[in-house]
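Chains as they are written, first to last, in our numbering: chain A, 87 to 472; chain B, 87 to 472; chain C, 229 to 513; chain D, 229 to 513.
One or more hints might be untrue.
[Claimed, not checked] Simulated coverage check for chain B against chain D, where a stretch passes if three residues somewhere in it have a Cβ under 8 Å from a Cβ of chain D:
| id | segment |
| --- | --- |
| 1 | 266 to 273 |
| 2 | 337 to 351 |
| 3 | 356 to 368 |
| 4 | 453 to 459 |
[What the hints assert, rightly or not] Okay, derived cross-link-like pairs now, DSBU-like style, lysine-lysine, Cα gap no bigger than 35 Å in a straight line:
| id | chain 1 | residue 1 | chain 2 | residue 2 |
| --- | --- | --- | --- | --- |
| 5 | D | K471 | B | K293 |
| 6 | B | K257 | A | K88 |
| 7 | A | K268 | B | K268 |
| 8 | C | K235 | C | K394 |
| 9 | D | K471 | B | K332 |
Hints in this document: simulated from the structure, not taken from any laboratory. Yeah, the Cβ is synthetic: ideal placement off N, Cα and C, and Gly gets one too.
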Amino acid sequence: MKLHEYQSKFLFREYGIPIPQGRVAGAADEVQEIAAELGGVVVIKAQVHVGGRGKAGGVKVAKDAAEARRHAENILGMDIKGLRVEKVLVDPGADIRQEIYLAITNDRGARMPLIMASMEGGMDIEELNRERPEAIIREHVDPIMGLQDYQMTFIASAMGMPRAQWRSFGKILRGLYQCYVKSDAELAEINPLVITGDGELLAVDGKVIIDDNALFRQPALTAERDTSDEPESERQAREAGITYIKLDGQIGCMVNGAGLAMTTMDMTKLYGDADGIGPANFLDIGGGATPEQVAAALRIILSDDNVKCVLFNIFGGITRCDEVANGILTAYNEVKPDVPMVIRLQGTNAAEGNRIISEAQLPNIISAETLTEAAKRAVAAVKEGA
Amino acid sequence: MKLHEYQSKFLFREYGIPIPQGRVAGAADEVQEIAAELGGVVVIKAQVHVGGRGKAGGVKVAKDAAEARRHAENILGMDIKGLRVEKVLVDPGADIRQEIYLAITNDRGARMPLIMASMEGGMDIEELNRERPEAIIREHVDPIMGLQDYQMTFIASAMGMPRAQWRSFGKILRGLYQCYVKSDAELAEINPLVITGDGELLAVDGKVIIDDNALFRQPALTAERDTSDEPESERQAREAGITYIKLDGQIGCMVNGAGLAMTTMDMTKLYGDADGIGPANFLDIGGGATPEQVAAALRIILSDDNVKCVLFNIFGGITRCDEVANGILTAYNEVKPDVPMVIRLQGTNAAEGNRIISEAQLPNIISAETLTEAAKRAVAAVKEGA
Amino acid sequence: MSILIDKSAKVLVQGITGRQGGFHAKLMMEYGADVVGGVTPGKGGEWFEGKPVFDTVRTAVQTTNADVSLVTVPARFAADAIMEAADAGIRLVICLTEHIPVADMMRVVAFCRARGARLLGPNCPGVMTPGQAKVGIIPAMVATAGNVGVVSKSGTLTYEVGFAMKNAGIGISTIVGIGGDPVIGTTFVEVLEMFENDPETEKIALLGEIGGSAEIVAADFIKNAMTKPVAAFIAGRSAPPGKRMGHAGAIVDGGEGSAEEKIQALEAAGARVAANPEEIPGLLA
Amino acid sequence: MSILIDKSAKVLVQGITGRQGGFHAKLMMEYGADVVGGVTPGKGGEWFEGKPVFDTVRTAVQTTNADVSLVTVPARFAADAIMEAADAGIRLVICLTEHIPVADMMRVVAFCRARGARLLGPNCPGVMTPGQAKVGIIPAMVATAGNVGVVSKSGTLTYEVGFAMKNAGIGISTIVGIGGDPVIGTTFVEVLEMFENDPETEKIALLGEIGGSAEIVAADFIKNAMTKPVAAFIAGRSAPPGKRMGHAGAIVDGGEGSAEEKIQALEAAGARVAANPEEIPGLLA
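This is chain A alone, in the form it adopts within the complex (with noise of 0.2 Å):
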């Protein structure tokens, strides 16, 4: 779950990391008032799920009230690469001398926490790896003991680090740390942390990605989920328990277990890209998926316009084919699909799976034996329909 820029400042400021203060609004209004209060110049920021806002319009400086007003018309309701900004942070403007870049994310390898920090913060961190590797100092934290003082040090000693700055960065990086741990947080990111003109340093711009799993125990911060920029179909997968992402293709898939989804998707375009057709969806329907939940499933890959095909590939373990495809048949009963739908059931109990399904004797229903055959049926079922 991606927390907003102010949302990841806010929570910030809770563990003593010094922010601008400045306020979020929804409307130009607002944005005036607020301006006028902080006095002098102010910067507008949309406030959106996505990076490069700076380069689409969604960040600008103003030297008063009426000029932020003029800037917040603009960029409220603006759209940055298909998400609606609804709304923006306006902080009084910095005095920057040194921009710094500062992070703590999950190192999967490793599976350790992983500080990187740099004195060349501001710009993109991957830009940075890629161009002056050097310039990022890597720390690895212990699971277990923490985030230690000589670390810290250690730190802010090799990213060289103004000596008059260490202790201030320290107790940055120390409640960043406790930020990153007491949240759940996959990433905890200040970029840029500045050193100001009078040697303060301040957390200019943030970014925090809370881990999905540990939300059950971060009520406040689930509180914060903003699902504005959620896909309806999306949402309405999450509330029944479906993990569902929409793509660009023709083939909507329902697959049981995420590596056969992904499976499933690869091979409808390994058929069909040349005739450029794919997949329209990732979907698993997981472990002991109800007919309710076939049901739900398939409206959801029917609500996309573009599915000109459903691909149901099931390979039945501890799931039972017979139990899926009565399933399948109360989905279809109920939701009536009008396009073309390819059947495959293997594993467990597959044959009277396939017999439940061939009986019912349903229109547009294509049965297949193989996940290659079921992938090529699906795409020539496109292409017939086209």
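With chain A held as given, fit chains B, C and D onto it using these hints.
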């Protein structure tokens, strides 16, 4: 630093451990008032830093406020093993179905926190340990990982805690461990933890000892320190940065280093015990003692009327004996002791130190080459003076 | 031989009185695994299908000499359950549970390593040595005994490949599901090393997916330390970057973890990479 | 030979720019120890008596190949300093600092063990191999080289015994101060084992005191695992129970840790126990 029962229990309460809703009082009037407010049976408990107060008459049950007052009049001001009772805790009576022992302490040998738990609480744990050690469940806690849930289950199961109480016992154990860690306790003990008639758990008595070395980060607990039962001389020594402990013998000892200080005490006893002569104190003046500290130490030693001789045993290592000798002269001139002083200087610059002492030609100064000689001479001086 | 388990493994099921735990415990017993008991705090003293239930793993191990444990408890209790098993001296802990927070797993993995216990998973289907024993949820019907080792991040994809191998007459020494979470107890390389050292394993099938760099590290290992041939499949070639494909670990992030780079690395290391998992039997023949 | 250090030890001083650290660093150099540098966070790049000062132990080790570190920083920074040294690959960390909270030391000891570093102390005078090197504050004048190993909980008492030995013409292989705190990095038994295995050590003097049970455990080890003769002294026979005798660990508590029980255990194990430390040379002759 020992906490009183009431301080310990009020601390437990901060960690979610249920305790009786009692209050502490220093006067019989107050006790009556509290007892009246609580209503019903109350228990009046002397708050002194010593065990065995029950047998000494320091704990009484009262049926009503008037009786509570009468008991308080007896207990307040009472002398228990040399300590005067200044405060009593007035607790509501509890309906006790079972008494449990639960404590967390530092296991020096294992170098880990140790949890001890027994369904046979209420009695002295050392006694229980002698008589029925198998009735005590012992569980170490990894000092880095902290207490884990599975350990709580293990303890509850192994000690024979009724299942109905596992959940609340787990909360109390977690709270006690938190209390132990966050308070830098050497011991956090609930004895007894009772199961009441209606199945609730309640910490009826508590004892917490804080690690003196950690008081710098425990301002709230440091403020709770009750020094009313600390001997005046030990208080003075503490304030002068000297470790002094009053004992019962006649030979005041001034030594550099704790191990050597104990050894010097032992030598006075080794050679004096047959004549009833031994050490009057433990005193470590530490490494770089100043003449002022030597003088302060000498004054503290001489404030004990039992002292008939002072024995200086200084092994100069980093400490230079000539400097110590000058310190002794300064202290001597300031304090003007009227008892003989045996001075043994050895190690770095010993010859020069001894020269300084002998040239000063002070009355009542006896010098010695070795520790053995010094101890024997001090014993002889006491015998002569007697 | 085989790796990780054979019929001598004495298996505990943590959460045996739960729906999932009990169901799979029965299937494991039917398959021939020596399930010696179960653990459910608060239910010690009960029985499950003739096997004793204990309050704690420690007591269970003392009584049954169990050396393998299957963790089937819900996500919020799973980290504690794994550590309990490791602390009690269990040599192999297999965790089926999904949705365990990554922060918990980082601590748990470090803890297991310190205690000398091997962890498989979490969010994995378990391990099966065909004809001998299975611990986990891999269906009996997907494999017969043989000489190909299978290691995979996923569940049903593994069944798919196992089944295709079985239909092609290719048997399996051991199937190991390592799980699709970002932080797991045992990685591809560790399992590849076990297969390399296992005299009964002649070839290996590796089933990876997008996200992380475990397959890249595995390619490095295949190149530098392996003599046995490896066939591989990487799922997620059609997945767009920045989207999490069901498995918590299956996400192409910041340009890292794409199927293409993994396939290239594996091919460069000498592995034969299938574009379609049903081609794996052909690559192993 | 000798134990723990000889003249090849490359020594860092953590806190070298402090009063105590600098003073003892100079004395150590005068004695012949190879002090290769010091560490003071924020003073990296400075020099101390011709030796480089670093911000961190890690950088110091990378630059100097130091393998031993002396921690002389104040109590509230000492736990971090010890862990820093252990984490940087220092094999022997010697901590002079007193008044470190026990809770910190329990974590630090576990950390050092996990990192494979040996810790001596805290609150110890250090270690000296006469004629070769010293790391800590043991005065040069208290010992000459020889074949008796000395291990002790205390400082000046050790000097007293060393000096008496020197006057009696008995030399020392290595003096090891383990410290008088309740929780220490290296115990009597570990040092006894090193002396038992050291060809240059023929006899051992053990100086214990009241509190804890380290001397009882040592007696057990002497009885079961040692061939070399041990002479011992236990300080605190005249100390009353329940009072802490200066050292944080020197307290007879709940009937445990008395001098009498320790003396009895040592004698029962075959050690010769002196009633007076000045008798030790006689027991070693």
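Quick rundown of the hints versus the structure:
1. With a cut-off of 8 Å between beta carbons, the segment 266 to 273 of chain B has 3 residues touching chain D; three or more are needed, and the interface restraint holds.
2. Coverage of the segment 337 to 351 of chain B by chain D holds. Counting CB-CB distances below 8 Å, 10 residues qualify, and the rule asks for three or more.
3. Residue count for the segment 356 to 368 of chain B with a Cβ under 8 Å from a Cβ of chain D: 4. That meets the three needed, and the coverage hint holds.
4. As drawn, the segment 453 to 459 of chain B meets chain D at 3 residues by the rule of a beta-carbon pair under 8 Å; at three or more, the given contact holds.
5. For the hint pairing K471/D with K293/B, the CA-to-CA distance comes to about 18 Å; that is within 35 Å, so the pair holds.
6. For the given pair, K257/B sits about 33 Å from K88/A by alpha-carbon distance, which is consistent with the 35 Å threshold.
7. Distance check on the hinted pair: K268/A and K268/B sit about 17 Å apart at the alpha-carbon level, within 35 Å; holds.
8. The suggested pairing of K235/C with K394/C holds, with an alpha-carbon distance near 21 Å, which does not exceed 35 Å.
9. A C-alpha spacing of about 10 Å is found between K471/D and K332/B, which places the hinted pair at or below 35 Å, so the restraint holds.
When held up to the earlier numbered hints, the structure conflicts with none and fits them all.
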